[in-house]
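Novice: Sequence:
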Amino acid sequence: MPERTGRSVFAADYALVAGTAFADFGAEAESCRVSTRFGPPSGPVRRLAYGDLDVLYLARHGERHDIAPHRINYRANLAALRQLGVSTVIAINTVGIIGDRLQPGALAVPDQLVDYTWGRSHTIYDSPAEGLEHIEFTEPFSARLRRGLLAAARAADVQCHDGGVYGVTQGPRLETAAEVDRYERDGVLYLGMTAMPEAALARELGLEYACLSLVVNRAAGRGSGPIHADIEASALTAKMRAMQVLKQFFSRQA
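Residues 10 to 263 (the working numbering) make up the sequence shown, in order.
Keep in mind that the hints were calculated from the coordinates and are not lab data.
Built from N, CA and C at the ideal position, the CB exists for glycine as well.
Misleading hints may appear alongside valid ones.
Using C-beta positions, here's what the derived DEER-type ranges look like [claimed, not checked]: (1) E241 <-> A138: 43 to 49 Å; (2) C41 <-> G232: 16 to 22 Å; (3) L62 <-> T185: 40 to 46 Å.
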């Protein structure tokens, strides 16, 4: 297991790991490069200021948004944050929605997930020298962190759905209509590509982890037009709402 390197001037307790809608987030912020035994993370770790609170930020898909979901070095990303002293990770994901419970542009904090991915490095325990722990994963997301995000949404007067199953697909392609029917039968509400193995690796590394999901489209076969048009029309609205929630959340931690 990667060791914490000690709290440097770049250390922080909280970190954001974000994807599509936040590709340019914190572009002007101070940054540092981190190496891990799993290799380099997706890019430099940036330090953001929320009032008096420092929060680290890592672009999951890289600074140029050119790393596909199945090619992300999830182990290096989370290990790098842990080495910088992070204890709590908020994962920001864009997702599609199955059913009519939420409209594109809404936010959600899922409470369960189903993993449909394959071929990704799903554990830090990849050699006998690292030992082995069978982590408890009944509840894949931190209950405390979920409550904090939902409370921040209420305080910011931003509607945010509590709960629901996040189905993690392989990507980078979107799903077929028949696949979406299958996922719905499985009880999935949201479809995204990045919550696994991220959530499980965070648990193995001892990090609190929860998703703040941006609903940006209706799933394949469920909308009235092209999916990418749906995303273009709603992504900015969802992003602005998420930023309000994050500002309120971090103001409560300072």
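Novice: Now look at each hint and say whether the structure bears it out.
Specialist: Hints, verified against the model:
Judged by the Cβ atoms, the range 43 to 49 Å given for E241 and A138 holds: they are separated by roughly 48 Å. For C41 and G232, the hinted distance range of 16 to 22 Å is not satisfied, since their beta carbons lie about 41 Å from each other. About 43 Å separates the C-beta atoms of L62 and T185, a value consistent with the hinted range of 40 to 46 Å.
Comparing the model with each numbered hint stated earlier shows that hint 2 is the single one that does not hold.
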